[in-house]
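Top line first, the protein sequences correspond to chains A and B. Using this note's numbering, the first residue of the first sequence is number 24, and each one after it goes up by one. Using this note's numbering, the first residue of the second sequence is number 24, and each one after it goes up by one.
Read the hints as simulated data drawn from the structure, not as lab findings. Backbone N, C-alpha and C fix where the C-beta goes; we use that ideal spot for every residue, glycine too. Please note that a few of the clues may not be correct.
As the list claims (entries may be wrong) - Computed list of chain B residues with no C-beta within reach of chain A, every gap over 12 Å:
(1) THR63
(2) ASN117
(3) GLU145
(4) PRO181
(5) LEU235
(6) THR239
(7) ALA269
(8) TYR293
(9) GLN297
(10) ALA302
(11) GLN346
(12) GLU348
(13) LEU378
(14) THR383
Claimed, not checked - Ranges between beta-carbon positions, derived for each pair:
(15) GLY234/B to PRO236/A: 23 to 33 Å
(16) PRO95/B to GLN327/A: 13 to 23 Å
(17) LYS205/A to GLN379/B: 52 to 62 Å
(18) ASN274/B to ALA328/A: 29 to 39 Å
(19) ALA343/A to PRO181/B: 26 to 36 Å
(20) GLU296/A to THR237/B: 53 to 63 Å
(21) LEU376/B to ARG356/A: 55 to 65 Å
(22) GLY88/B to LYS205/A: 17 to 27 Å
(23) GLU331/A to ASN92/B: 50 to 60 Å
Protein chains: 2
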Amino acid sequence: MESERFSNLCRPVIPVAVIVAAVLGVAGNVRAQALKDVQTSRSPLVLKAQGSFFVGGEIVEQTQGELGNLGPGGHIAVNQMYVRYMVPQAGDGNLPLVMVHGATLTGKSWETTPDGRMGWDEYFVRKGHPVYVPDQVGRGRSGFNQAIYNSVRAGSAPPTNQPEWLRFSDESVWPNFRFGTKTGVPFPDSQFPIAAVDELAKQAVPDMNRGLPTPTPTIKALSDLAGQLKGAVLMGHSQSGSFPLAAALINPDVTKGLVLVEPGTCPANYTDEQIKSLATVPLLVVFGDHRDNPTGLSTLPTWQARYEGCQALIGRLRTAGGQAEMLDPSDRRLRGNSHMIMQDKNSFQIADLILQWIDTRVSKRSARSK
Amino acid sequence: MESERFSNLCRPVIPVAVIVAAVLGVAGNVRAQALKDVQTSRSPLVLKAQGSFFVGGEIVEQTQGELGNLGPGGHIAVNQMYVRYMVPQAGDGNLPLVMVHGATLTGKSWETTPDGRMGWDEYFVRKGHPVYVPDQVGRGRSGFNQAIYNSVRAGSAPPTNQPEWLRFSDESVWPNFRFGTKTGVPFPDSQFPIAAVDELAKQAVPDMNRGLPTPTPTIKALSDLAGQLKGAVLMGHSQSGSFPLAAALINPDVTKGLVLVEPGTCPANYTDEQIKSLATVPLLVVFGDHRDNPTGLSTLPTWQARYEGCQALIGRLRTAGGQAEMLDPSDRRLRGNSHMIMQDKNSFQIADLILQWIDTRVSKRSARSK
Numbered sequence: 024m025e026s027e028r029f030s031n032l033c034r035p036v037i038p039v040a041v042i043v044a045a046v047l048g049v050a051g052n053v054r055a056q057a058l059k060d061v062q063t064s065r066s067p068l069v070l071k072a073q074g075s076f077f078v079g080g081e082i083v084e085q086t087q088g089e090l091g092n093l094g095p096g097g098h099i100a101v102n103q104m105y106v107r108y109m110v111p112q113a114g115d116g117n118l119p120l121v122m123v124h125g126a127t128l129t130g131k132s133w134e135t136t137p138d139g140r141m142g143w144d145e146y147f148v149r150k151g152h153p154v155y156v157p158d159q160v161g162r163g164r165s166g167f168n169q170a171i172y173n174s175v176r177a178g179s180a181p182p183t184n185q186p187e188w189l190r191f192s193d194e195s196v197w198p199n200f201r202f203g204t205k206t207g208v209p210f211p212d213s214q215f216p217i218a219a220v221d222e223l224a225k226q227a228v229p230d231m232n233r234g235l236p237t238p239t240p241t242i243k244a245l246s247d248l249a250g251q252l253k254g255a256v257l258m259g260h261s262q263s264g265s266f267p268l269a270a271a272l273i274n275p276d277v278t279k280g281l282v283l284v285e286p287g288t289c290p291a292n293y294t295d296e297q298i299k300s301l302a303t304v305p306l307l308v309v310f311g312d313h314r315d316n317p318t319g320l321s322t323l324p325t326w327q328a329r330y331e332g333c334q335a336l337i338g339r340l341r342t343a344g345g346q347a348e349m350l351d352p353s354d355r356r357l358r359g360n361s362h363m364i365m366q367d368k369n370s371f372q373i374a375d376l377i378l379q380w381i382d383t384r385v386s387k388r389s390a391r392s393k
Numbered sequence: 024m025e026s027e028r029f030s031n032l033c034r035p036v037i038p039v040a041v042i043v044a045a046v047l048g049v050a051g052n053v054r055a056q057a058l059k060d061v062q063t064s065r066s067p068l069v070l071k072a073q074g075s076f077f078v079g080g081e082i083v084e085q086t087q088g089e090l091g092n093l094g095p096g097g098h099i100a101v102n103q104m105y106v107r108y109m110v111p112q113a114g115d116g117n118l119p120l121v122m123v124h125g126a127t128l129t130g131k132s133w134e135t136t137p138d139g140r141m142g143w144d145e146y147f148v149r150k151g152h153p154v155y156v157p158d159q160v161g162r163g164r165s166g167f168n169q170a171i172y173n174s175v176r177a178g179s180a181p182p183t184n185q186p187e188w189l190r191f192s193d194e195s196v197w198p199n200f201r202f203g204t205k206t207g208v209p210f211p212d213s214q215f216p217i218a219a220v221d222e223l224a225k226q227a228v229p230d231m232n233r234g235l236p237t238p239t240p241t242i243k244a245l246s247d248l249a250g251q252l253k254g255a256v257l258m259g260h261s262q263s264g265s266f267p268l269a270a271a272l273i274n275p276d277v278t279k280g281l282v283l284v285e286p287g288t289c290p291a292n293y294t295d296e297q298i299k300s301l302a303t304v305p306l307l308v309v310f311g312d313h314r315d316n317p318t319g320l321s322t323l324p325t326w327q328a329r330y331e332g333c334q335a336l337i338g339r340l341r342t343a344g345g346q347a348e349m350l351d352p353s354d355r356r357l358r359g360n361s362h363m364i365m366q367d368k369n370s371f372q373i374a375d376l377i378l379q380w381i382d383t384r385v386s387k388r389s390a391r392s393k
């Protein structure tokens with residue numbers, strides 16, 4: 024671990040000019056840096072399969088007006104969940120991983136990083152695990168139910184009936200995602216690739232989560248997906264951090280492991296019965312550094328408060344006989360990790376720690392349970 | 024070709040019960056058929072690289088209200104174009120293909136088909152071409168500018184200011200995409216995998232194309248992408264069918280070939296100067312069968328009328344010395360192709376005809392021009 028720390032401390036300092044350019048480049052076109060900065064691996068990626076499909080969804084009937092007046096009213100699909108997947112040629116029998124993104128984001132979070140490095144989607148595949156990346160219902164390629172917006176436009180519903188579309192400004196992202204204290208002032212040890220922060224901004228899409236059925240159909244779809252895969256490790260991030268827990272409560276048998284990456288919340292109100300059920304599934308919670316940094320969002324607690332909520336949940340699960348643990352890389356002298364830990368410069372190191380946990384806690388356990 | 028015709032005529036007829044079930048299953052949950060029906064190839068897919076990035080985009084400043092009141096106002100990225108790509112390990116030097124989707128759809132159009140067969144994205148990669156699949160600006164993982172919707176909700180803009188979200192009902196899709204005369208009545212020779220039509224419905228997302236800047240930023244992004252790739256074949260479908268032409272007018276040098284798949288329009292108003300420029304790039308237009316079928320949308324012409332508009336454009340380009348041609352598979356005794364020709368049961372046959380055209384018209388020409 025000393026060598027890790029050394030390389031961490033000695034990584035090149037980003038020239039201030041680069042940071043200033045990234046921060047001041049706030050008007051006009053974003054620098055078109057993406058494709059030329061995308062890196063290619065030295066060894067090919069050999070896939071048994073790749074593709075995409077949908078989980079869940081329902082057919083509803085809508086009027087011509089609700090459909091935007093392009094054609095006659097009729098039936099459409101809503102609340103389906105898009106899933107893209109890659110299955111490695113090697114590694115048969117390894118548990119699939121399902122990676123779910125956070126608020127105002129899509130499955131893109133897990134793909135090529137803002138500065139063009141390999142995403143966790145491919146990294147875990149190269150380590151032998153099939154990887155399934157959904158877009159949450161209501162976002163990205165999963166679509167959303169547009170009817171209320173068209174009804175408001177037509178004057179047949181009051182404007183307050185249409186759900187807000189949420190976006191984080193860069194000014195919110197910097198403190199809340201813990202890149203620094205405020206926009207353009209990164210933590211000296213920040214692991215986020217600050218020079219590419221504009222590329223992260225492009226990953227954001229509007230989020231109408233508050234307009235979805237409660238609970239979000241994504242949770243049932245995740246449980247169904249784990250069932251269709253005959254067992255999977257569910258990994259959530261931020262907004263979806265607690266979704267693996269909720270999916271496991273629907274069907275703990277097919278939920279072989281739970282990885283909560285910087286979860287927005289670890290629920291404190293589970294019944295003892297629910298804790299008993301969740302304790303049958305190994306749980307790992309992952310949090311980055313600088314958790315005491317004020318989020319800049321008056322309605323949201325610090326990430327340290329959420330960390331403590333997860334410690335409490337881990338305590339309850341352990342008392343009930345569960346295998347639950349916290350991964351705080353700063354305990355291992357890996358400092359400066361951000362909320363977007365899967366995109367941080369040391370993202371492979373973090374991934375390796377998760378893989379190590381899967382190997383010791385999940386795969387063996389699954390083998391035993393067969 | 025006789026054998027092709029034979030296999031076409033002798034393909035199994037879909038049992039009426041399956042069609043009726045697909046048609047009548049219009050209430051409640053869509054049948055969860057997707058993952059189990061996804062097929063795996065016999066040979067692995069060997070990729071030099073895969074991943075995703077963005078092209079274009081701009082940073083704008085918005086108020087707290089426009090951002091949905093989650094946090095303080097500030098800067099966000101809008102109008103960027105998400106692109107996912109796969110580069111085959113074999114086939115170095117082959118021209119990349121960029122595949123753009125149609126209205127109310129996303130890049131998913133080109134991925135795994137509704138009935139679980141390999142999509143054109145992977146098929147063209149297996150044939151040695153790097154493939155780049157964007158989501159049009161305003162849709163899917165490219166996101167959209169949500170500000171006006173939040174302003175309407177807050178009462179600070181009139182409801183009529185917010186763009187309509189367009190969706191096609193299944194009742195529109197059947198005649199307009201030429202699966203049959205109306206919902207549940209497929210053409211006897213239809214090549215679309217009718218039993219999986221509910222899975223196509225899930226691919227649809229709301230389309231606010233009318234709310235985008237004019238022309239759509241997707242066109243400039245496609246031209247920029249072709250430039251970043253140092254030359255590419257641009258393939259559009261339906262709504263985006265004419266985008267390759269518009270992108271070529273921005274920079275014909277990097278647009279090595281144009282493939283218009285069932286284009287919504289072939290513009291009739293190009294100047295002679297524009298025709299001269301477009302005539303420097305090889306053009307292929309692809310149309311399926313049953314083009315005389317009424318679309319069921321009173322505002323839209325038949326696909327036969329669009330076909331004739333494209334024949335007129337081909338004529339003008341040829342007169343100007345261009346290599347422009349029409350691919351109508353029914354001329355080759357391949358009958359029953361639909362508007363979603365890349366998802367039809369004979370999609371590989373159609374792809375092979377396009378590959379043949381690229382080999383004869385584009386690659387050689389590019390080599391000559393070097």
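(message) So, against the hints stated earlier in the document, which numbers end up violated here?
(response) Result: hints 1, 3, 4, 18, 19, 23 break, sorted rising.
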